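Enquirer: Residues per chain are reported as follows:
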Amino acid sequence: MQRREFLRRVSMACALAVAYRDGQAWAMDPGRGPIGASPGQSAALTEAQMSLVSALAEGILPATDTPGAIDAGVPSFIGLLFSEWFTPQEQLDFQRGLEQIDEQSRSLQRSTFVACPAQQQFAMLEQWDREAAVARQAHAAPTFFGRFKSLAVLAYYTSEVAQNEELKLQFGAGQDTPEGPVVMPPPFPI
Amino acid sequence: MNGSFDAIVVGSGITGGWAAKELTEKGLKVLMIERGRMIEHGSGYTTETLAPWQLPFRGKGDAQLYERDYAIQRKNRAFDEWTQAHFVNDREHPYQTTADEPFQWRRGYHLGGRSLMWGRQTYRWSDLDFEANKRDGHGVDWPIRYADIARWYDYVEEFIGVSGSKEGLAQLPDGQFQPPMALNAVELALKAKIESQYHDRSLIIGRCANLTQAKPGRAPCQYRSICARGCSYGAYFSTQSSTLPAARATGNLTLLTDSLVERVNYDPQTRRATGVRVLDVKSRTYSQYAARVVFMCASTIDSVAILQRSASEEFPNGLANSSGALGRYLMDHANALSAVAVIPGFTDRTYFGNRPTGIVIPRFRNVQHRDGDLLRGYSYQGGAYRAGWPRGTRQAGIGKDLKSDLRKPGAWEFILTTFAECLPRAENRVTLDEQARDPHGLPQTRIEFRHGDNERKLLADAQVEAKAMLSLLGAHVVAESSTPGLGGTSIHEMGGARMGLDPRSSVLNRHNQAHDIPNLFVTDGACMASSACQNPSLTYMALTARAADYAVTQIKAGQV
Numbered sequence: 001m002q003r004r005e006f007l008r009r010v011s012m013a014c015a016l017a018v019a020y021r022d023g024q025a026w027a028m029d030p031g032r033g034p035i036g037a038s039p040g041q042s043a044a045l046t047e048a049q050m051s052l053v054s055a056l057a058e059g060i061l062p063a064t065d066t067p068g069a070i071d072a073g074v075p076s077f078i079g080l081l082f083s084e085w086f087t088p089q090e091q092l093d094f095q096r097g098l099e100q101i102d103e104q105s106r107s108l109q110r111s112t113f114v115a116c117p118a119q120q121q122f123a124m125l126e127q128w129d130r131e132a133a134v135a136r137q138a139h140a141a142p143t144f145f146g147r148f149k150s151l152a153v154l155a156y157y158t159s160e161v162a163q164n165e166e167l168k169l170q171f172g173a174g175q176d177t178p179e180g181p182v183v184m185p186p187p188f189p190i
Numbered sequence: 001m002n003g004s005f006d007a008i009v010v011g012s013g014i015t016g017g018w019a020a021k022e023l024t025e026k027g028l029k030v031l032m033i034e035r036g037r038m039i040e041h042g043s044g045y046t047t048e049t050l051a052p053w054q055l056p057f058r059g060k061g062d063a064q065l066y067e068r069d070y071a072i073q074r075k076n077r078a079f080d081e082w083t084q085a086h087f088v089n090d091r092e093h094p095y096q097t098t099a100d101e102p103f104q105w106r107r108g109y110h111l112g113g114r115s116l117m118w119g120r121q122t123y124r125w126s127d128l129d130f131e132a133n134k135r136d137g138h139g140v141d142w143p144i145r146y147a148d149i150a151r152w153y154d155y156v157e158e159f160i161g162v163s164g165s166k167e168g169l170a171q172l173p174d175g176q177f178q179p180p181m182a183l184n185a186v187e188l189a190l191k192a193k194i195e196s197q198y199h200d201r202s203l204i205i206g207r208c209a210n211l212t213q214a215k216p217g218r219a220p221c222q223y224r225s226i227c228a229r230g231c232s233y234g235a236y237f238s239t240q241s242s243t244l245p246a247a248r249a250t251g252n253l254t255l256l257t258d259s260l261v262e263r264v265n266y267d268p269q270t271r272r273a274t275g276v277r278v279l280d281v282k283s284r285t286y287s288q289y290a291a292r293v294v295f296m297c298a299s300t301i302d303s304v305a306i307l308q309r310s311a312s313e314e315f316p317n318g319l320a321n322s323s324g325a326l327g328r329y330l331m332d333h334a335n336a337l338s339a340v341a342v343i344p345g346f347t348d349r350t351y352f353g354n355r356p357t358g359i360v361i362p363r364f365r366n367v368q369h370r371d372g373d374l375l376r377g378y379s380y381q382g383g384a385y386r387a388g389w390p391r392g393t394r395q396a397g398i399g400k401d402l403k404s405d406l407r408k409p410g411a412w413e414f415i416l417t418t419f420a421e422c423l424p425r426a427e428n429r430v431t432l433d434e435q436a437r438d439p440h441g442l443p444q445t446r447i448e449f450r451h452g453d454n455e456r457k458l459l460a461d462a463q464v465e466a467k468a469m470l471s472l473l474g475a476h477v478v479a480e481s482s483t484p485g486l487g488g489t490s491i492h493e494m495g496g497a498r499m500g501l502d503p504r505s506s507v508l509n510r511h512n513q514a515h516d517i518p519n520l521f522v523t524d525g526a527c528m529a530s531s532a533c534q535n536p537s538l539t540y541m542a543l544t545a546r547a548a549d550y551a552v553t554q555i556k557a558g559q560v
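For the record, the sequence lines run as chains A and B.
With this note's numbering applied, the first sequence has no gaps in its numbers, which climb one by one up to 190 at the end.
With this note's numbering applied, the second sequence has no gaps in its numbers, which climb one by one up to 560 at the end.
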């Protein structure tokens with residue numbers, strides 16, 4: 001079997017087989033390269049970058065009747081992934097993606113994303129979310145925003161705050177039914 | 001000599017545990033040797049109850065560590081930050097394979113072996129399987145038939161606890177079952193459609209070694225489906241939960257961990273195995289242990305490798321290998337994700353908890369009649385589920401609407417994966433690579449394995465049929481494949497020391513006893529002469545219990 005096909009299958013199995021583990025394709029890609037900051041590369045996001053990460057994450061998963069991304073510690077977990085999870089190339093891509101967010105924000109709203117009013121931020125997030133969906137539909141490379149959103153969703157729903165307060169009605173995926181307990185996808189058994 | 005026993009059991013996994021239990025209960029003083037570390041039941045399952053936020057990477061694990069040390073193991077579905085300690089460190093346990101189709105050797109070196117993180121699917125074989133080699137000429141004829149093993153299936157199922165439904169299927173015989181786990185609404189709907197549309201097909205709950213009723217010292221399944229972390233309820237069969245306590249209770253068991261069997265010793269004068277040479281992997285010192293009988297239960301590939309390392313002047317190509325079959329005829333089921341489909345409707349139906357098994361559509365090809373040029377058959381495993389919050393990583397939406405949507409269960413999806421029978425072929429084999437050494441200085445194992453045309457034809461047929469069956473529910477197929485996973489990805493390695501009637505073409509006789517050496521038994525997957533399409537572990541267990549019974553009668557009769 002071709003390696004590409006194998007990796008696709010593994011990714012698909014990860015994505016489809018276990019609801020919890022299907023997280024986001026970026027972090028799960030089994031073909032990822034070696035990790036570790038290379039000389040001259042920042043090992044941590046700057047304060048300004050973290051502010052942008054926070055604003056993006058809170059825009060995607062805002063505080064409502066339950067806590068939002070910031071309360072759930074999403075920015076700090078994304079910062080941890082950046083420092084200790086990403087390959088040097090992924091770190092560069094991530095930093096470049098943040099720069100592009102602000103470039104587009106300046107182009108659209110004449111201001112950095114963080115400095116924009118909430119309404120303008122939301123409009124831009126909607127546009128970028130639409131673009132991410134188009135890329136997914138076309139099986140094209142995921143956009144930066146699409147990848148960022150995957151990280152934010154993963155970080156939020158695996159946090160103590162979100163699992164206790166947002167998902168409190170869910171154990172696994174649903175509620176009781178007459179059919180009784182059920183459903184995990186098929187074992188790839190040992 | 002560091003000790004003398006009635007029996008030595010090499011390995012502590014699914015078959016090692018069974019050999020130790022049976023031999024100790026029959027009064028033998030047994031030494032069980034495990035190459036890996038100790039893991040005690042309960043207290044050893046250190047991540048079992050941790051929440052994602054209690055792990056450094058929320059379950060995703062340390063990417064740098066995985067890249068460096070778990071390049072093979074991390075591709076396993078059961079591998080994650082909770083379970084990583086139950087898989088070998090690939091860097092410390094290297095092996096050789098082919099570059100174009102690298103065999104994926106997935107292993108756990110610790111007490112209990114892969115019994116700790118196995119898939120727990122538990123199926124009998126039938127005479128359709130035991131007669132298959134003779135029928136079409138691939139492989140050598142099995143020296144046993146269903147009647148020889150049926151009572152041992154009964155015996156094993158009763159002890160380990162198997163939940164399942166009685167179906168009366170000739171190709172998938174019923175057993176001693178605890179009450180089955182439940183099918184959900186979508187699975188019931190597809191079952192009804194399939195069974196009305198096809199006279200020869202059925203959809204049933206997966207038979208699994210998870211308890212639905214308590215057994216002594218073991219609680220019923222809690223529907224968490226986090227089994228591979230280890231289950232302190234003892235709700236699924238493992239060495240730790242089941243066979244080890246029984247063996248220990250006899251007072252006849254001596255257990256060695258962190259002890260690697262380098263070779264089986266052989267006396268050419270008596271033509272008997274005399275014991276084993278063992279490396280203490282911590283102190284790096286060697287010991288010798290003697291016994292009247294040796295049971296090889298180290299896993300399919302490792303049992304073969306140990307016998308190959310035990311070559312001598314009389315057996316220059318590996319111990320008990322006068323046939324030349326040792327290491328050859330390695331098998332692993334060909335698997336494919338045949339179809340994944342979104343199922344419309346049923347939005348008012350869902351479920352509670354995480355069932356640790358799926359559904360099975362038993363084999364229907366070449367059962368009641370011959371199906372074209374296909375040999376043997378395949379069966380599906382899978383299930384229906386509603387997507388949870390992770391769908392948010394790939395669906396459109398932001399803000400409070402996204403949160404609101406992810407609070408609810410998503411659409412129903414149905415997965416059908418296929419296990420297709422793998423024909424035994426001499427070129428699929430295990431050898432020793434004398435040029436490449438492992439950290440202990442032992443020659444590395446080399447594994448050459450490729451699926452053949454028949455496996456690909458079976459998977460192609462399975463893809464077509466999976467889509468046809470799912471279409472009965474108006475399904476929208478979102479993914480499909482007939483490309484077999486690399487060898488090893490089913491984690492059903494079989495063969496390498498096959499059973500057979502003829503000592504010239506097989507390593508073991510009808511009692512899992514080496515043709516060449518009467519006090520040497522191999523009862524793990526290495527003994528298999530064909531692969532069927534069912535998960536094989538139950539058959540390993542039944543063969544082990546049967547062989548142990550035979551060995552004890554032979555000892556008492558003074559034959560070994």
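By construction, these hints were calculated from the structure, which means they are not laboratory data.
Keep in mind the model is a prediction, meaning the values are calculated, not measured.
Honestly, I wouldn't trust all of these hints.
30 Å max Cα-Cα, derived DSSO-like pairs, lysine-lysine [what the hints assert, rightly or not]:
#: 1; chain 1: B; residue 1: K408; chain 2: A; residue 2: K168
#: 2; chain 1: B; residue 1: K467; chain 2: B; residue 2: K191
#: 3; chain 1: B; residue 1: K215; chain 2: B; residue 2: K282
#: 4; chain 1: B; residue 1: K400; chain 2: A; residue 2: K168
#: 5; chain 1: B; residue 1: K29; chain 2: B; residue 2: K400
#: 6; chain 1: B; residue 1: K457; chain 2: B; residue 2: K467
Enquirer: All hints, please: hold or fail.
Expert: Do the hints match the structure? See the list:
no.	hint	in the structure
1	B:K408 - A:K168	holds (11 Å)
2	B:K467 - B:K191	holds (14 Å)
3	B:K215 - B:K282	violated (37 Å)
4	B:K400 - A:K168	holds (17 Å)
5	B:K29 - B:K400	violated (66 Å)
6	B:K457 - B:K467	holds (16 Å)
Comparing the model with each earlier hint shows violations of hints 3, 5; every other hint is respected.
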